[in-house]
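Work out the full structure, taking the sequences as your base and the hints as a guide.
Heads up: the sequence lines are chains B and F, in that order. Residue 209 in my numbering sits at position 209 of the first sequence; the count goes up by one each step and never skips. Residue 74 in my numbering sits at position 74 of the second sequence; the count goes up by one each step and never skips.
Among the clues, some could well be false.
List time: in silico PhoX-like cross-link candidates among lysine-lysine, alpha-carbon distance up to 25 Å [what the hints assert, rightly or not]:
no.: 1; chain 1: B; residue 1: Lys174; chain 2: B; residue 2: Lys154
no.: 2; chain 1: B; residue 1: Lys138; chain 2: B; residue 2: Lys178
no.: 3; chain 1: F; residue 1: Lys2; chain 2: F; residue 2: Lys94
no.: 4; chain 1: B; residue 1: Lys2; chain 2: B; residue 2: Lys42
no.: 5; chain 1: B; residue 1: Lys174; chain 2: F; residue 2: Lys178
no.: 6; chain 1: F; residue 1: Lys117; chain 2: B; residue 2: Lys121
no.: 7; chain 1: F; residue 1: Lys42; chain 2: F; residue 2: Lys74
no.: 8; chain 1: B; residue 1: Lys76; chain 2: F; residue 2: Lys117
no.: 9; chain 1: B; residue 1: Lys74; chain 2: F; residue 2: Lys121
no.: 10; chain 1: B; residue 1: Lys178; chain 2: F; residue 2: Lys121
no.: 11; chain 1: B; residue 1: Lys42; chain 2: B; residue 2: Lys76
no.: 12; chain 1: B; residue 1: Lys174; chain 2: B; residue 2: Lys117
no.: 13; chain 1: B; residue 1: Lys76; chain 2: F; residue 2: Lys121
no.: 14; chain 1: B; residue 1: Lys94; chain 2: B; residue 2: Lys2
no.: 15; chain 1: B; residue 1: Lys138; chain 2: B; residue 2: Lys117
no.: 16; chain 1: F; residue 1: Lys178; chain 2: B; residue 2: Lys121
no.: 17; chain 1: F; residue 1: Lys117; chain 2: B; residue 2: Lys178
no.: 18; chain 1: F; residue 1: Lys178; chain 2: B; residue 2: Lys178
no.: 19; chain 1: F; residue 1: Lys76; chain 2: F; residue 2: Lys2
no.: 20; chain 1: F; residue 1: Lys76; chain 2: F; residue 2: Lys94
no.: 21; chain 1: B; residue 1: Lys74; chain 2: B; residue 2: Lys42
no.: 22; chain 1: F; residue 1: Lys174; chain 2: B; residue 2: Lys178
no.: 23; chain 1: F; residue 1: Lys164; chain 2: F; residue 2: Lys154
no.: 24; chain 1: F; residue 1: Lys117; chain 2: F; residue 2: Lys178
no.: 25; chain 1: B; residue 1: Lys74; chain 2: F; residue 2: Lys117
no.: 26; chain 1: F; residue 1: Lys174; chain 2: F; residue 2: Lys138
no.: 27; chain 1: B; residue 1: Lys171; chain 2: B; residue 2: Lys138
no.: 28; chain 1: F; residue 1: Lys178; chain 2: B; residue 2: Lys117
no.: 29; chain 1: B; residue 1: Lys117; chain 2: F; residue 2: Lys74
no.: 30; chain 1: B; residue 1: Lys117; chain 2: B; residue 2: Lys178
no.: 31; chain 1: F; residue 1: Lys76; chain 2: B; residue 2: Lys117
no.: 32; chain 1: B; residue 1: Lys138; chain 2: B; residue 2: Lys174
no.: 33; chain 1: B; residue 1: Lys121; chain 2: F; residue 2: Lys74
no.: 34; chain 1: B; residue 1: Lys154; chain 2: B; residue 2: Lys164
no.: 35; chain 1: B; residue 1: Lys117; chain 2: F; residue 2: Lys121
no.: 36; chain 1: F; residue 1: Lys76; chain 2: B; residue 2: Lys121
no.: 37; chain 1: B; residue 1: Lys121; chain 2: F; residue 2: Lys121
Short, incomplete list of chain F residues facing chain B, as computed with Cβ under 7 Å [claimed, not checked]:
no.: 38; residue: Glu9
no.: 39; residue: Tyr10
no.: 40; residue: Asp11
Hints listed in this document are in silico derivations from the structure and should not be mistaken for laboratory results. For glycine and all other residues, C-beta sits at the position ideal for the given N, C-alpha and C.
Protein chains: 2
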Amino acid sequence: MKRIKAILEYDGSAYHGFQIQKNAVTIQEKLETSIENLIGEKASIIAAGRTDAGVHAAGQVIAFDTSSSIPPDKWKFALNSILPPDIRVVSSCKAPANFHPRFDAVDKRYIYLIHRKNSGKVFYSRYAYCDTEALEVKLMQQACRLLLGRHNFKSFCASGSSVKTYDRNIKECKLEEKGPFIRLDITADGFLYNMVRIIVGTLLEVGRLTYGPEHITDIILAQDRTQAGQTAPPQGLYLYSVNYG
Amino acid sequence: MKRIKAILEYDGSAYHGFQIQKNAVTIQEKLETSIENLIGEKASIIAAGRTDAGVHAAGQVIAFDTSSSIPPDKWKFALNSILPPDIRVVSSCKAPANFHPRFDAVDKRYIYLIHRKNSGKVFYSRYAYCDTEALEVKLMQQACRLLLGRHNFKSFCASGSSVKTYDRNIKECKLEEKGPFIRLDITADGFLYNMVRIIVGTLLEVGRLTYGPEHITDIILAQDRTQAGQTAPPQGLYLYSVNYG
Numbered sequence: 001m002k003r004i005k006a007i008l009e010y011d012g013s014a015y016h017g018f019q020i021q022k023n024a025v026t027i028q029e030k031l032e033t034s035i036e037n038l039i040g041e042k043a044s045i046i047a048a049g050r051t052d053a054g055v056h057a058a059g060q061v062i063a064f065d066t067s068s069s070i071p072p073d074k075w076k077f078a079l080n081s082i083l084p085p086d087i088r089v090v091s092s093c094k095a096p097a098n099f100h101p102r103f104d105a106v107d108k109r110y111i112y113l114i115h116r117k118n119s120g121k122v123f124y125s126r127y128a129y130c131d132t133e134a135l136e137v138k139l140m141q142q143a144c145r146l147l148l149g150r151h152n153f154k155s156f157c158a159s160g161s162s163v164k165t166y167d168r169n170i171k172e173c174k175l176e177e178k179g180p181f182i183r184l185d186i187t188a189d190g191f192l193y194n195m196v197r198i199i200v201g202t203l204l205e206v207g208r209l210t211y212g213p214e215h216i217t218d219i220i221l222a223q224d225r226t227q228a229g230q231t232a233p234p235q236g237l238y239l240y241s242v243n244y245g
Numbered sequence: 001m002k003r004i005k006a007i008l009e010y011d012g013s014a015y016h017g018f019q020i021q022k023n024a025v026t027i028q029e030k031l032e033t034s035i036e037n038l039i040g041e042k043a044s045i046i047a048a049g050r051t052d053a054g055v056h057a058a059g060q061v062i063a064f065d066t067s068s069s070i071p072p073d074k075w076k077f078a079l080n081s082i083l084p085p086d087i088r089v090v091s092s093c094k095a096p097a098n099f100h101p102r103f104d105a106v107d108k109r110y111i112y113l114i115h116r117k118n119s120g121k122v123f124y125s126r127y128a129y130c131d132t133e134a135l136e137v138k139l140m141q142q143a144c145r146l147l148l149g150r151h152n153f154k155s156f157c158a159s160g161s162s163v164k165t166y167d168r169n170i171k172e173c174k175l176e177e178k179g180p181f182i183r184l185d186i187t188a189d190g191f192l193y194n195m196v197r198i199i200v201g202t203l204l205e206v207g208r209l210t211y212g213p214e215h216i217t218d219i220i221l222a223q224d225r226t227q228a229g230q231t232a233p234p235q236g237l238y239l240y241s242v243n244y245g
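Structure below.
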């Protein structure tokens with residue numbers, strides 16, 4: 001047996017998220033079925049991030065064990081020959097037998113796109129959150145700076161999800177206007193469930209002047225999901241890359 | 001009866017082109033069905049450009065006659081309430097009774113996108129021609145300049161299509177590298193069938209060094225479709241705007 005590591009990109013529009021589930025098509029299912037069809041052997045895929053329905057990936061990392069004789073770097077071509085066109089393997093290689101895409105990640109980077117023009121919506125509605133309301137971007141940028149660092153982010157975690165600790169360290173949190181988009185670029189040592197989308201929903205409230213950017217600190221301290229903004233829609237979110245140090 | 005003019009954008013991926021046909025879903029059909037469902041009255045739509053299957057529009061112009069009391073500028077909202085999300089009306093207004101979107105056009109502008117990176121293909125395969133082969137962009141730009149002006153473009157017209165004259169005046173033809181894209185921006189007083197896509201296919205041959213840019217002039221003079229390059233795929237093409245002077 002050897003462990004294969006692969007980097008994937010996918011358009012999440014047609015999938016009910018990464019993780020296998022009954023009665024719904026998922027990325028994991030497509031990958032596991034493809035491997036089985038390819039080598040007649042079942043494999044269990046582990047991913048760095050279990051992206052939700054409609055969420056995209058530019059640099060998802062997966063691993064699986066196989067006894068197949070396919071050379072590790074050729075798994076890219078083998079899988080791409082059989083996967084649907086909206087899931088692509090960017091690269092594949094051999095990984096140490098104990099490599100774990102999620103637990104070994106040093107940090108993960110997500111991008112969130114908000115499309116700000118009325119025109120172009122037909123092309124971007126599956127790839128960005130389309131929202132043309134007035135937003136004070138400078139205030140949103142101030143709020144981003146207050147999110148930086150190690151905090152208890154329970155207020156930014158979907159209620160009902162249980163984790164050992166809500167402490168996460170946001171290493172980068174940058175919001176920029178880029179052409180017709182507002183683009184959030186956020187890197188942390190890990191993310192709680194729905195954390196990026198709740199951060200975006202909260203930044204939108206700041207942009208709308210519902211509260212000032214300094215209120216972000218109060219929201220963090222409250223450790224209460226109801227204090228933060230709504231969960232922003234999935235289609236603007238991209239798992240951009242995973243760093244293993 | 002009054003004539004309504006509307007500007008549309010659409011993602012052509014799911015349609016068999018603009019023009020109505022049997023046993024295939026088209027943009028025209030979606031528009032005409034929407035109007036009929038809205039006001040219980042049939043309407044015939046005329047478009048500035050009869051885009052092919054998979055071709056997109058950012059500024060398609062249509063016109064139709066109606067006896068409905070819907071104010072001309074409200075047709076935008078009325079149609080958007082009933083059209084599928086991949087077809088959107090950008091604006092609507094009253095037009096002179098003799099306005100013809102195709103015959104009255106002074107010039108039309110098309111954009112063609114070639115995506116040049118291996119990564120990102122999952123997001124761009126329906127919105128650009130994805131092609132990572134080596135291309136000499138400077139030579140392609142030289143070739144663009146030789147296409148400018150009034151010429152007989154029979155070599156750049158799909159064979160079998162009959163028109164009164166193959167003379168067209170290319171007013172702008174600019175090829176640029178933009179991020180991961182090569183983008184062709186072309187404006188003419190009119191285009192022959194498949195003309196932009198055959199121009200792109202020919203520019204690709206220049207980029208591949210199959211022949212030098214100066215050979216473009218020979219191809220024009222030949223008035224022979226077989227002398228030009230292949231018809232480039234539809235998904236890179238956008239009807240960008242129509243100018244009525």
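Hint by hint, here is what the structure shows:
1. With a C-alpha separation of about 21 Å, the suggested pair lysine 174 of chain B and lysine 154 of chain B falls inside the 25 Å cut-off, and the hint holds.
2. Proximity of lysine 138 of chain B to lysine 178 of chain B is assessed by CA-CA distance (about 14 Å); at most 25 Å being required, the pair is judged to hold.
3. Note on lysine 2 of chain F and lysine 94 of chain F: the hinted pairing holds, with a Cα-Cα distance of about 7 Å set against a maximum of 25 Å.
4. A distance of roughly 14 Å separates the Cα atoms of lysine 2 of chain B and lysine 42 of chain B; the hinted pair therefore holds under the 25 Å criterion.
5. With a CA separation close to 23 Å, the supplied pair lysine 174 of chain B and lysine 178 of chain F stays within the 25 Å bound.
6. Restraint check for lysine 117 of chain F and lysine 121 of chain B: the C-alpha separation of about 24 Å stays at or below 25 Å, so the hint holds.
7. Under the criterion of a C-alpha separation no larger than 25 Å, the hint pairing lysine 42 of chain F with lysine 74 of chain F is consistent with the structure, at around 18 Å.
8. Taking the CA atoms of lysine 76 of chain B and lysine 117 of chain F, the gap is near 16 Å; set against the 25 Å cutoff, the hint holds.
9. With a C-alpha separation of about 19 Å, the suggested pairing of lysine 74 of chain B with lysine 121 of chain F holds against the 25 Å cut-off.
10. For the proposed pair lysine 178 of chain B and lysine 121 of chain F, the alpha carbon gap of about 21 Å is at most 25 Å, so the pair holds.
11. Taken as a hint, the lysine 42 of chain B and lysine 76 of chain B pair is honoured in the structure, with Cα atoms around 17 Å apart against an allowance of 25 Å.
12. With a C-alpha separation of about 21 Å, the suggested pair lysine 174 of chain B and lysine 117 of chain B falls inside the 25 Å cut-off, and the hint holds.
13. At most 25 Å may separate the alpha-carbon atoms for a hinted pair to count; lysine 76 of chain B and lysine 121 of chain F meet this at roughly 15 Å.
14. Note on lysine 94 of chain B and lysine 2 of chain B: the hinted pairing holds, with a Cα-Cα distance of about 7 Å set against a maximum of 25 Å.
15. Pair hint lysine 138 of chain B plus lysine 117 of chain B holds up; C-alpha atoms about 18 Å apart against a cutoff of 25 Å.
16. Distance restraint check for lysine 178 of chain F and lysine 121 of chain B: the Cα-Cα separation of roughly 21 Å lies within the 25 Å cut-off, and the hinted pair is therefore satisfied.
17. Using a Cα cut-off of 25 Å, the hinted pair lysine 117 of chain F and lysine 178 of chain B holds, with the two alpha carbons roughly 20 Å apart.
18. Of the supplied pair hints, the one linking lysine 178 of chain F and lysine 178 of chain B holds, its CA atoms being roughly 14 Å apart against a limit of 25 Å.
19. Proximity of lysine 76 of chain F to lysine 2 of chain F is assessed by CA-CA distance (about 16 Å); at most 25 Å being required, the pair is judged to hold.
20. For a cut-off of 25 Å, the pair hint linking lysine 76 of chain F to lysine 94 of chain F stands: about 12 Å separates their Cα positions.
21. Between lysine 74 of chain B and lysine 42 of chain B the alpha-carbon distance is near 18 Å, which keeps this suggested pair within the 25 Å criterion.
22. Note on lysine 174 of chain F and lysine 178 of chain B: the hinted pairing holds, with a Cα-Cα distance of about 23 Å set against a maximum of 25 Å.
23. Between the alpha carbons of lysine 164 of chain F and lysine 154 of chain F the distance comes to roughly 11 Å, so the proposed pair stays at or under 25 Å and holds.
24. With a C-alpha separation of about 12 Å, the suggested pair lysine 117 of chain F and lysine 178 of chain F falls inside the 25 Å cut-off, and the hint holds.
25. Restraint check: the Cα-Cα separation between lysine 74 of chain B and lysine 117 of chain F comes to about 20 Å, which is no more than 25 Å; the hinted pair holds.
26. For the hint linking lysine 174 of chain F to lysine 138 of chain F, the alpha-carbon distance of about 11 Å falls within 25 Å, and the restraint holds.
27. Between lysine 171 of chain B and lysine 138 of chain B the CA atoms are separated by roughly 20 Å; this keeps the pair inside 25 Å, and the hint holds.
28. Among the hinted pairs, lysine 178 of chain F with lysine 117 of chain B is consistent with the structure: their alpha-carbon atoms are about 20 Å apart, no more than 25 Å.
29. For the hint linking lysine 117 of chain B to lysine 74 of chain F, the alpha-carbon distance of about 20 Å falls within 25 Å, and the restraint holds.
30. Between lysine 117 of chain B and lysine 178 of chain B, the direct Cα distance comes to roughly 12 Å. Compliance with the 25 Å bound is thereby established for this hinted pair.
31. For a cut-off of 25 Å, the pair hint linking lysine 76 of chain F to lysine 117 of chain B stands: about 16 Å separates their Cα positions.
32. For the suggested pair lysine 138 of chain B and lysine 174 of chain B, the alpha carbons sit about 11 Å apart, so the restraint of at most 25 Å is met.
33. With a C-alpha separation of about 19 Å, the suggested pair lysine 121 of chain B and lysine 74 of chain F falls inside the 25 Å cut-off, and the hint holds.
34. Taking the CA atoms of lysine 154 of chain B and lysine 164 of chain B, the gap is about 11 Å. The hint holds against a cut of 25 Å.
35. Distance restraint check for lysine 117 of chain B and lysine 121 of chain F: the Cα-Cα separation of roughly 24 Å lies within the 25 Å cut-off, and the hinted pair is therefore satisfied.
36. At roughly 15 Å between alpha-carbon atoms, lysine 76 of chain F and lysine 121 of chain B fall within 25 Å of each other, so this suggested pair holds.
37. Restraint check: the Cα-Cα separation between lysine 121 of chain B and lysine 121 of chain F comes to about 20 Å, which is no more than 25 Å; the hinted pair holds.
38. Of the supplied interface hints, the one on glutamate 9 of chain F holds, with its beta-carbon coming within about 5 Å of a beta-carbon of chain B, less than 7 Å.
39. Interface restraint check: tyrosine 10 of chain F against chain B, minimum CB-CB distance 6 Å, threshold 7 Å, status holds.
40. Residue-level restraint check for aspartate 11 of chain F holds (minimum Cβ-Cβ distance to chain B is 5 Å; threshold 7 Å).
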